[in-house]
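Chain A is already provided as a structure; the job is to place chain B on it using the hints.
Chains as they are written, first to last, in the working numbering: chain A, 1 to 655; chain B, 1 to 212.
For the record, the hints were derived by calculation from the structure and aren't laboratory data.
C-beta atoms are modelled at their ideal positions from N, C-alpha and C, and glycine is treated no differently.
Treat each hint with caution, since some may be false.
Rough simulated footprint, nothing fancy, chain B against chain A, three-plus residues with beta-carbon under 8 Å [said to hold, decoys possible]:
#, stretch
1, 201-214
2, 251-265
3, 269-277
4, 627-633
Each chain, written out:
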Amino acid sequence: MTFLGRLGIDSLPFYSPVAFAGAATEVLAALMILALVTWKGWWKPLFRDWIATVDHKKIGIMYLFLAGVMLLRGFADAMLMRLQQAMALNSDGYLPPEHFNQIFSAHGTIMIFFMAMPFLTGLINIVVPLQIGARDVAFPFLNAVSFWLTGAGAALVLLSLVIGKFSTAGWTAYPPFSENSFTPGPGVDYWIWAVLVAGAGSTMTGINVLVTILMRRAPGMSLMRMPLFTWTALVTSILMVFAFPALTTSSAMLALDRTLGFHFFTNGDGGNMMNYANLFWIWGHPEVYILILPAFGIYSEVVATFSDKRLFGYTSLVFATAVIGVLSFTVWLHHFFTMGASANVNAVFGIATMIIAVPTGVKVFDWLFTMYRGSIRLTTPMYWTIGFMVTFVIGGATGVLLAIPPVDFLMHNSVFLVAHFHNMLIPGALFGFFAGFSYWFPKAFGYRLDETWGKRAFWAWITGFYIAFMPLYALGFMGMPRRMEHYDVAGWQPLLITAAIGAVFILAGIACQIVQLYVSWKNRESLCDTTGDPWDGRTLEWMTSSPPKPWNFDRIPTVHSLDEFAWRKETAGFVDEPGAPDVIALPKDSLLPMAIGASAFIFGFAMIWHIWWLAIMALLTILAMLTATGFTRDSGLRIIRIENRDAARAEVASS
Amino acid sequence: MTTTSSYPDRGSRGSGWTAVEKEELERAVRERQAGFWLYLLSDALIFALLFATWAVMADRIATGPDTRSLLDLNKAFVETMLLLSSSFTFGLATLELRADRVRNCLLWMAVTFLLGAAFLGFELTEFMGLIDQGAGPDVSGSLSSFFTLVGTHGLHVTAGLVWLAVSFIQLLVIGNDIQLCARIERLGMFWHFLDIVWIGIFTFVYLWGAAA
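This is chain A alone, in the form it adopts within the complex (with noise of 0.2 Å):
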């Protein structure tokens, strides 16, 4: 064992020029973004403003950029594989199948560990405090925390196209093949290190937001007078602190088979793969709702507010979104129908998932009866959300299709599963953090995002969604497998050429998007929001300014109704009662949190490596650094003194 463990200078990316292409554009991006910080003199205030802060908006914000950042990544591999499979017809395309392989792993990995996770991460650290009238979360020091450890994660993916190699086992790195006979090397691992480090910041996340919408909502509001945006919140939040713990064993079993040599999943002395597959799934199923469920919150929130109504059927929302939680509970093992359970056992897991299309259902038809006879208003994330609504019932549909045993021995590990998984993400999730986006942008930064751009982008991605993945459809049909390098049949060529010009329409919908934020910022001044109350907007989110205050609200607000907003504006002669505290507490900025996400990344790199000194140091790096704060007499609280409310405001604002 050497003092670098297994790195040298043969992990450089040589063995395919794309590899190295991709690299270099990484590497280049990284130090003209350094090269433009140092030459603009903002290193101070980016320290100061953002990587130290602990304010639940501005750490929302960071997670939307790094969802951005890891979007546009995950979706040039999806380029990169759409272009491969539409050339490979009896010829090796241009990708070597190792560098093939890595990009789909890449690209699983990615979009729902550093991009979904990371977006809707974003969207509830913003929205929910703001939505349950508090000045922050509950625990705002672990909330930064946990931005950084997904960051951490993130980084490592990122790294991996630089220095060694990704993993080439796909985003579930199946053992056997990602065991160390079949796959040596550094790429499972990357993977393992990178979900593990990511996973911790999730688990907290959900602890962190649980805490907050149970002990921090506003007088007067009740469970059943939270929007349902927060609903959705607190049951995506019971999930992760409920389905996290079984990545992390998976994981960290995988691990210890990779670095320690035990024999979890192995193939021979007494390892079990299928136990993998269990313990995998019973955080991936549940993982599937994490990601739509907050999706769900935010499409009840525009319907409601474009429809001009409070939303249809609000108790019966709440009450399908938790039974989607429980539900999502029971149906893991539909992810593995063909692995060797036996009829009854697939019986009971195939009608389990069947149900879960019940309370979904009943979302839809609430959903569409807010918006009969409301008076609509069609702006962007409307369009996100109806264009949502028909596609997502389709993605239903052949999920109630693949649900059923026989049918799935059939389909499974086609490209029509791949259609059908990405027919649920993209309308349901993705359009979802879209129209989240779109909606809460103007409380975020204080205006508006540009309609023609946004709208552009909305047809652009749908039309995109469409012509991309329904080819996918009929490829599964004719028996094409998922993650083909190449193949001999002819036949599929004409449809995966259609795929691939699809997936030019979502480049040019990503492009669209990329103009509507430059025209917006361009345009700030006129379309400022200078109410906070832009869309005319039912929760309490709307009642504080926008961009709101370090600390939310002056005065935190008595709640008497649903939709407490809507409420005060319709009740005749409802005066708010005056005054409010002129001392504020709020917690205090720190830079230990990177510093913590910083040294989780180190650990990371050096187990990947085996560079074990290095990951002893870390963790102890990491000890040390908590253990201070434990010894600090320092309340760990700002004070703010709201003597003369508007010259306080100018000192923040200026600051």
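Relative to chain A, chain B alone:
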């Protein structure tokens, strides 16, 4: 749910704090207690899955020795007694802290630490003994799951001992105040939780082993 009013507020560090700060910190203590319960639930799931894995893999010994017949029930009984009495002494420490008798509390914390360290010592000798007999975790799936289940518990005990040592020094340096008192109470929850897990291990690993 514990109320903050039951915590003594005698430490040196809170004396200069304003009423707003104190109010915030009392709320923070309540929230941290709730959050810690959730963490324990989440951790309990890790152990549940490790127990399930042991149940699935205990007999997958391949060409290795029969794990269950290797286990020494007498040693495990001593370990159990050590850990259970450490839980009792930790309970006494918490009571003394609540009553603001810091010296007594420090004494019981020291006793708890020694009992916990002794437990860990026994466990490590057991592990060493198994590895010397050619029954290490890399021999079979059964032994992998045994070492991981019992070892994860042992790692938790180690973390608890580190936390205990840090708290001991904190109590000496800072004195007894709301934050520290509540933190030590959370450590107590952690310590008792590990006891419960150990009872599971004693039953499903060692007693089941003795039946083999």
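Consistency of the hints with the structure:
With 7 residues having a beta carbon nearer than 8 Å to a beta carbon of chain B, the stretch 201-214 of chain A meets the requirement of three or more and the stated coverage holds. Under a criterion of three residues with beta carbons nearer than 8 Å to beta carbons of chain B, the stated coverage of the stretch 251-265 of chain A is upheld, 8 such residues being counted. Coverage of the stretch 269-277 of chain A by chain B holds. Counting CB-CB distances below 8 Å, 5 residues qualify, and the rule asks for three or more. Counting residues of the stretch 627-633 of chain A whose C-beta lies closer than 8 Å to any C-beta of chain B gives 4; at least three are required, and the coverage claim holds.
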